[in-house]
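K.L.:
When you get a sec, could you build the whole thing from the sequences and use the hints?
Read top to bottom, the protein sequences are chains F and A.
Numbers 3 to 467, taken from our numbering, label the letters of the first sequence in order.
Numbers 565 to 1106, taken from our numbering, label the letters of the second sequence in order.
Keep in mind that the hints are not guaranteed to be accurate.
For the chain A half of the interface with chain F, some residues (derived, Cβ under 10 Å), not all of them [what the hints assert, rightly or not]: (1) Arg607; (2) Gly608; (3) Glu609; (4) Leu610; (5) Arg615; (6) Ser760; (7) Gly765; (8) Pro767; (9) Ile781.
To spell it out: a stretch of chain F is covered by chain A in this simulated footprint if at least three of its residues, at any positions, have a beta carbon under 8 Å from a beta carbon of chain A; those stretches are [claimed, not checked]: (10) 307-319; (11) 332-338; (12) 379-388.
Just so you know, the hints here were simulated from the structure itself, not pulled from any lab data.
Glycine included, C-beta positions come from ideal geometry on N, C-alpha and C.
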Amino acid sequence: MNRLMPRLSSRVAVALALSAVAPVVTTPAFAGDADLIAAGKYIATASDCVACHTAPGGEIMAGGLAIETPIGPIMSTNITPSKENGIGKYTLQQFDTALRKGVRADGKHLYPAMPYTAYALLSDDDVAALYAYFMNGVTSVETRPAETRLPFPFNLRFSMAAWNLLFLDNGPFKSDAAHDGEWNRGAYLVRGPAHCGTCHTPRNLFMAEKISSEMSGGDVGLWHAPNITSDANSGVGGWSVEELVAYMRDGHAMGKSQAAGPMAEAVDNSLRFLTPGDLRAIAVYVKTVPPVHDTADTQPVFAWGSPSDDLAGVRGVALPLDRNSMTGPQLYDAYCATCHQAQGQGSFDGGLPSLLHNTALGRANTNNLVIVMLEGLHRQPGVLMPGFAKELSDTQIAALASYLIENFGNPAAKVTVGQVAELRAGPAKSALVTVARTVLALGALVVIGFVAWLLRRRKTTARTA
Amino acid sequence: MADALSADFVVVGSGIIGSLVARKLALAGASVIILEAGPRVTRGELVARFRNSPRRSDWMSPYPPAAWAPHPVYQPEPNNYLMQAGPYPYAAEYIRQVGGTTWHWAAHAWRNLPNDFRVKSLYDVGVDWPMTYEDLEPFYQEAEEIMGVSGAPNTGSPRKRPFPMEPVAEPYAMRRLRERLASDYQVVSNTTARNSRPYDGRPACCGNNSCQPICPIDAQYHGGLAAEAAEGAGARLLPNANVYKLEHEEKGRIAAALYYDPDKASHRVAGKTFIVAANGIESPRLLLVSASDKFPKGLANSSDMVGRNLMDHPSTSLTFDADEDVWLGRGPQSPSSINTMRDGAFRSQHSPYRLDFTNISRVDGATKSLIAAGIYGSELEKRLRFSAAREMNVKNVLEVLPDPEHRITLSSEKDAMGIPKPEAHYAIADYTRRGHERSQQDFRRIAELMGGTNLRFSKDGDFANNQHICGTLSMGSDPKTSVCDQWGRAHDHENLFLASTGVLPTSATCNSTENGLAVALRAVAHMLGQHNTSTAAGEAKT
Chain F
3 MNRLMPRLSS RVAVALALSA VAPVVTTPAF AGDADLIAAG KYIATASDCV
53 ACHTAPGGEI MAGGLAIETP IGPIMSTNIT PSKENGIGKY TLQQFDTALR
103 KGVRADGKHL YPAMPYTAYA LLSDDDVAAL YAYFMNGVTS VETRPAETRL
153 PFPFNLRFSM AAWNLLFLDN GPFKSDAAHD GEWNRGAYLV RGPAHCGTCH
203 TPRNLFMAEK ISSEMSGGDV GLWHAPNITS DANSGVGGWS VEELVAYMRD
253 GHAMGKSQAA GPMAEAVDNS LRFLTPGDLR AIAVYVKTVP PVHDTADTQP
303 VFAWGSPSDD LAGVRGVALP LDRNSMTGPQ LYDAYCATCH QAQGQGSFDG
353 GLPSLLHNTA LGRANTNNLV IVMLEGLHRQ PGVLMPGFAK ELSDTQIAAL
403 ASYLIENFGN PAAKVTVGQV AELRAGPAKS ALVTVARTVL ALGALVVIGF
453 VAWLLRRRKT TARTA
Chain A
565 MADALSADFV VVGSGIIGSL VARKLALAGA SVIILEAGPR VTRGELVARF
615 RNSPRRSDWM SPYPPAAWAP HPVYQPEPNN YLMQAGPYPY AAEYIRQVGG
665 TTWHWAAHAW RNLPNDFRVK SLYDVGVDWP MTYEDLEPFY QEAEEIMGVS
715 GAPNTGSPRK RPFPMEPVAE PYAMRRLRER LASDYQVVSN TTARNSRPYD
765 GRPACCGNNS CQPICPIDAQ YHGGLAAEAA EGAGARLLPN ANVYKLEHEE
815 KGRIAAALYY DPDKASHRVA GKTFIVAANG IESPRLLLVS ASDKFPKGLA
865 NSSDMVGRNL MDHPSTSLTF DADEDVWLGR GPQSPSSINT MRDGAFRSQH
915 SPYRLDFTNI SRVDGATKSL IAAGIYGSEL EKRLRFSAAR EMNVKNVLEV
965 LPDPEHRITL SSEKDAMGIP KPEAHYAIAD YTRRGHERSQ QDFRRIAELM
1015 GGTNLRFSKD GDFANNQHIC GTLSMGSDPK TSVCDQWGRA HDHENLFLAS
1065 TGVLPTSATC NSTENGLAVA LRAVAHMLGQ HNTSTAAGEA KT
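P.N.:
What follows is the structure, given as structure tokens:
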């Protein structure tokens, strides 16, 4: 039911793609080692490469996913071992440089939403394993996605050199002796391959992750990636490690939340395949991320709501002829109550989620709630909440969502008709302020980058002179 | 009116068959207009009406008839739209709204058995079909892939490709039936158009147990989805367009469909080919009311067979209390059945039948009967709990043979638009009664195997109707004894096709929808060929 909104990549704020073609050096065939390839496949899964580098219904890692960004569509590239169309001619060194430094084999810079700032933390061993996997474990695909053509000034890839000076830390990950091995494994996964911060950490004016606000929530297209710091109210401080593990493994945790949208994709493609030990390590680490508190969250965002209904006001009352005049209880009775039950309590086993004690209704930011109502929720294996974009008008969605948050969620949150219209239109047509700001930020970034590059060039020239 | 509507194909009726034919025509590039007598409805409002209805077991309660295009309802009072001439009432229920009657069905999507196509040759009863099972097999598959059908592999209808999905999980009560009846009967999953996994953007069944009157989540396929798919493919659907006459040219070609809007303003829709897909009652009614000087008995009716041979699947049943708690009502309403009596040499003597187990929650029915018996208070709670947990029901689904005297005619009474109402002439034949009698031993044995007590057989002589309207537009090779050929083309009109369960010449023992749909999907290539031929001929002339 891909109804109205274009597919969003799970890893994209200002989404940019690895554009690694035009190899320079031929590489000898890598001596395949089954264990190394398997290890590489695991890290590739943890890194969710497939999310951006595979088009819907397309060949694995062959690219071609058109990613809508505020500055234009960006096409993900073929990273299969095709020598002509993929990365088959990359040496381990070139592969490493692309992955951890953001520079592709022809010397051109990648845009930083290929999350090389996270991948920079990868260990040498994992990079070698990834290389073995990509060269020997991925089927070569002889198709070449269309080139990304961004308008000036965003087409100036060299400006990223300056950006890297400012925002690219030199890796790889270093263990923190103050914590145990499990915590360090979690920190490595979260900040490195799994690149959780790409979505969950807010970005500064230069579209770089604000490390001081790590995991305190960011925007992914029109979706909101919530605060997953250890704050008891705003974050996941109130979740047990077991609940976090269940959420990542199954896509839902009873009495807490369920994954939708880009997070559902992350669970589908990546997290559910991680070992129980790694999921536990991630959970242990996340629960220690410094708390960031939003004063709007006067109680844990999962703690809102109590069972209630308004059936007395609905029974025996005919539906209004103008369906836009249907009340919240009437809409709930018609579209929600069958599965989520009369009082929002869901099914006993959580297979049909409770609307009470559900972060989807407990946050001040209601975008995710509205998008799920419009588009539904799709998760593997076989989880599907239908969307209601075709059946319900903006007015009806707003009335229904308002009823839901008033009765089952945080009543201070709001949903407006205009917001529903904006979210229905999708990111490509969105005039949200954040998008405008992003465009401006990128413009500034390019200019600043250009200046920085000139300065650096002058310095280098002066030194060599 | 200023309308100048026309299309290559004009389809009358937006039910599951008309809509899926329209979709297939539109996908082939033809222009298609669908005329639907009733209004558009949304699933949400149907669900809201169902949940808000005091008559939970009246499956028509969410579907109030439109004043300008009524359909029969019987509760709280009969609206006397489908008139009854007797001797046995034919109280059919159907829905005149966009999407038609499969908005409420149990989604049974059975194929006939190969022998069902040859009952005259094999058993000297009924008539043979003008096609074989093998002819229809690919189109059964096509229908099943559109609707998302699953079923047991061993019900006697061979298939070349697998079902598109596995059956929905077996409800506990059905499991107990299967286990406890295994010595005598094989209880299998019904063949149904109900998702066991997300399919075509629709979710899997989550066991709301309200398949009738409305699946609240579209886990079950229905005509509303078919109509949506037809529009998605480019067909233009006009709701509230109650066709009251098909107009013909001098030589008998159909020229236009005339319809009333709700204000009774008349509109004309021209077309090259016309497809009447308005179910087994409204379709013959339309052909009959379109009588003209040239066709005084009605269109397509030189055989006098339009409206005749009305068939359905009458049922009698046994209700009993099992000796263990089974709690009907979890999962779909009609999940399992016994298929061993659908065919055999006995068909020369009595009706074959399917034995169907209900899984409808007993709470509503038991509550009503207990209160009617004056039981209240803690005794009501205790008895209700017992009935809800223990009560079971098995019914037969009996074949009816074609009989020209069982028929739909035009009543002398008229509806709100001034169109004659349909009138049913119906009876239960001895052949069917003998099938009912034969099934009583199965009923008793099933109850015995379930440790059943308090056996309540349906009232002697009472046959419940199953709304599987067949026969009234019978297809056949002989224009003297049938209305249309195997492609649904009216023998009397080269550009008039009939797409409906009405074309099925016998009723066999399974629900008519998939059979009618497969026959219609098979005909589409011929509808297109007919259209291309006439276009080519037309161009050659000019």
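K.L.:
For each hint, tell me whether it holds in the structure or not.
P.N.:
Here is how each hint holds up against the structure:
| no. | hint | in the structure |
| --- | --- | --- |
| 1 | Arg607 | holds, 7 Å |
| 2 | Gly608 | holds, 4 Å |
| 3 | Glu609 | holds, 6 Å |
| 4 | Leu610 | holds, 8 Å |
| 5 | Arg615 | holds, 5 Å |
| 6 | Ser760 | holds, 9 Å |
| 7 | Gly765 | holds, 4 Å |
| 8 | Pro767 | holds, 4 Å |
| 9 | Ile781 | holds, 6 Å |
| 10 | 307-319 | holds (count 4) |
| 11 | 332-338 | holds (count 5) |
| 12 | 379-388 | holds (count 6) |
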